[in-house]
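Chemist: Listed below are the residues making up each chain.
There are 2 protein chains.
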Amino acid sequence: MKTAAAFADFRSYPLVCALDTVKPLADQVLITWADGRVSPFHHQWLRDNCPCPQCVYSVTREQVLEIVDVPEDLTPDTTWLDDEGCLCVGWQDGHQSRFDPGWLRAHAYDEPSRAERLASKPQRRLWQHDLPLPVFDYQAVMEDADALLQWLLAVRDIGLTQVRGVPTEPGSLQRLAQRISFIRESNFGVLFNVQSKADADSNAYTAFNLPLHSDLPTRELQPGLQFLHCLVNDAQGGESIFVDGFAVAEALRQEAPDDFEALCRIPVEFRNKDRHSDYRCLAPIIALDALGHVAEIRMANFLRGPFDTSAEQMPGLYRAYRRLIALTREPRLRLVRRLEPGQLWCFDNRRTLHARNAFDPATGARHFQGCYVDRDELLSRIRVLQR
Amino acid sequence: MKTAAAFADFRSYPLVCALDTVKPLADQVLITWADGRVSPFHHQWLRDNCPCPQCVYSVTREQVLEIVDVPEDLTPDTTWLDDEGCLCVGWQDGHQSRFDPGWLRAHAYDEPSRAERLASKPQRRLWQHDLPLPVFDYQAVMEDADALLQWLLAVRDIGLTQVRGVPTEPGSLQRLAQRISFIRESNFGVLFNVQSKADADSNAYTAFNLPLHSDLPTRELQPGLQFLHCLVNDAQGGESIFVDGFAVAEALRQEAPDDFEALCRIPVEFRNKDRHSDYRCLAPIIALDALGHVAEIRMANFLRGPFDTSAEQMPGLYRAYRRLIALTREPRLRLVRRLEPGQLWCFDNRRTLHARNAFDPATGARHFQGCYVDRDELLSRIRVLQR
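The listed protein sequences correspond, in order, to chains A and B. Throughout the first sequence, residue numbering follows my numbering, covering 7 to 393 in sequence. Throughout the second sequence, residue numbering follows my numbering, covering 7 to 393 in sequence.
Worth double-checking, as some hints may not be accurate.
[Claimed, not checked] Here's a subset of chain B near chain A, in silico, CB distances under 8 Å, partners left out:
no., residue
1, Asp15
2, Asn55
3, Asp116
4, Ser202
5, Asp205
6, Asn209
7, Pro273
8, Arg281
9, Ala296
10, His299
11, Phe308
12, Phe313
13, Asp314
14, Met320
15, Asp382
16, Arg389
Bear in mind the hints are in silico, worked out from the structure with no lab data behind them. C-beta: ideal position from N, C-alpha, C; glycine also.
Please construct the entire structure, taking both the sequences and the accompanying hints into account.
Modeler: Set out below in structure tokens:
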């Protein structure tokens, strides 16, 4: 019997540590590794994860077995370690399973193994006004897989990047975005044109200043990445302003825990509406992940509906909201830059809030193009580049 | 002074009840309505929602005022009801606000008003095997706004519909989906072809049976609506099976509350991976909304990664998962139909689980096309049709 043929994955799992002994218990197998770690594997889990070609279709690497079709009390007749260091299980019903030790270690669910996986997750880096701006070169990211990966890792972990040397023909942005994946369309189009328009269907398409916001907080899933590409910028004003929303939220949590808690708990409605569409989303301004880390900021004052909470909570909600906005205005947190033609911003729209100073259309033309790509596509691209 | 010029909305707000009296308090105004209801409106809330053209840009109907630019303790000098029954507020700083009573009643946040709004939200209708299938006619929904609305309401509230009389040319589905909105693209394309392929990158593209599942549980936001359009169906087998996932989850909550709770709490990883992409999403199988109602089912056995929870929780997770799958297999819950050419399914992918019996490609051709549209686009379209 050679190395397990079908893993339900396209990743490889190097041998980190050899299996040492295997001990059968009533409802699980207890593995001891060469480094002394002990990992329990329940019978159900092992049978469920059998990688053989009967249980996993080798072309798609997707599971065919459904665990419910196996008795709940199925137990092994025999368990052993083979010559290649794999865990082998001979089941009561005659089926055999064989597990590669690299794969098994990567999926072990003893506490040290789970803690190790958690610790190896990417760490975000919070920033303030003095962030050394991560700048990348268009040609490099278009042609070189490693330059692309470095850019995408910065987008993921810092949430704000600039790309320079981008062609200034309208539509050029599309080619760059497609280096990651397809573009997420919205009612504003596949690419949207940020220009002052008489018949604007968003304040973004005026010459007004725009306060710090995320785009499309009016959707259940706010777009993950936002691109803003400068084609022409001859108008006075219109500087871009960025704030790390996670840094702002963490500052609020420190300074005013009650306000932080209110913004995590009380849902607020956001609305994009025009003659042809009417988008509404009700969600808290700050979302936390399962570990209590800030996972998302949802905020656009100009898209906010009237607060709708109990009369008892209303004053507290205003206090919290005012404090959050005030924090985003602190100069120590704000990075301000003017974007020049051929440059573009690519940032995490669910983390990095963006704003624009008012500009004067009488002083010259200003034309940006923008688009969105979701976090799922970013992370998939990173995983494939890292294989 | 005529009726308030700019509302920050495109909806109309009919006069449900007149304003009777207005009483100023320290931090709020207390309104009594003609029907006796009493509504508090805090000063901050009133100032924040001032609909005048200085505070709201009349072209986009988006707010320009930021409440943080107004003192936190701003109070009215005077409040009165004008000849047209509007609430008028003269602020200390000289600004004046005027609120239409129809709009004010629709946004009042006293408890009876909030309970009324909650009760008027659309109610889902749970179903079992004997659902009278909601069937709609292609020509009618393409040409008639009311037929379109009726179809979309059934999609929203029942979560399973069939459309008949659809042209069988490849690509026809696109026109129908675009009656709602743009299509949500995925790594499988804008339209995907469901056919048995030698180089399948998903078990969906084989002739295997597919157990009950949602599509793309591997994305943070599972697609809201799924379309499956039958072009050719000459092969034996391949019947479509549907189960109301909300009905299944509610049955589980009744029969086995601990299992229900485990599936709401313990995250499970789902994976779509091939040579070009690697999507992973970690989330519980059952998601609840803020009121504790089941809001979403995330499930596809063939896309599931190994369970990764503590050894203490592992047996309970398997017990709960097995019980859920067993429930979806109960004939009383399953609706089974064979789709014929020119028919299509449109269903709520985050609620209605779908399955396919195995088919025999040797007995004839079978070609379906599918696509996705998100819930946001569905609900926006319904709101515009209902204006």
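Chemist: Could you run down the list of hints and mark each one as holding or not?
Modeler: These are the hints, each one checked on the structure:
Because the smallest distance between the Cβ of aspartate 15 (chain B) and any Cβ of chain A comes to about 7 Å, under 8 Å, the interface hint for this residue holds. Below 8 Å, beta-carbon pairs count as interface contacts, and asparagine 55 (chain B) has one with chain A at about 5 Å; its hint therefore holds. At about 7 Å, the closest approach between the beta carbon of aspartate 116 (chain B) and any beta carbon in chain A falls short of 8 Å, and the interface hint on this residue holds. The closest approach between the C-beta of serine 202 (chain B) and any C-beta of chain A is roughly 11 Å, which is over the 8 Å cut-off, so the hint fails.
Look at aspartate 205 (chain B): its Cβ gets to within about 7 Å of chain A, closer than 8 Å, so that hint holds up. A cut of 8 Å between beta carbons decides the hint on asparagine 209 (chain B): the least distance to chain A is about 5 Å, and the hint holds. Hint status for proline 273 (chain B) relative to chain A: holds, with the closest Cβ pair at about 7 Å, below 8 Å. Hint status for arginine 281 (chain B) relative to chain A: holds, with the closest Cβ pair at about 7 Å, below 8 Å.
Hint status for alanine 296 (chain B) relative to chain A: holds, with the closest Cβ pair at about 7 Å, below 8 Å. The criterion of a C-beta within 8 Å of any C-beta in chain A is not met by histidine 299 (chain B), whose closest approach is roughly 14 Å, and the hint is violated. About 4 Å separates the beta-carbon of phenylalanine 308 (chain B) from the nearest beta-carbon of chain A, less than 8 Å, and the hint is met. Interface hint at phenylalanine 313 (chain B): satisfied, since its Cβ lies 6 Å from the closest Cβ of chain A, which is below the 8 Å cut-off.
With a cut of 8 Å, the hint placing aspartate 314 (chain B) at the interface with chain A holds, because the nearest CB-to-CB distance is about 6 Å. Contact between methionine 320 (chain B) and chain A, as hinted, is supported at the beta carbon level, the nearest pair being about 5 Å apart and thus within 8 Å. Among the interface hints, the one on aspartate 382 (chain B) holds; its C-beta lies about 5 Å from the nearest C-beta in chain A, closer than the 8 Å criterion. Residue-level restraint check for arginine 389 (chain B) holds (minimum Cβ-Cβ distance to chain A is 4 Å; threshold 8 Å).
When each numbered hint is compared with the structure, violations occur for hints 4 and 10.
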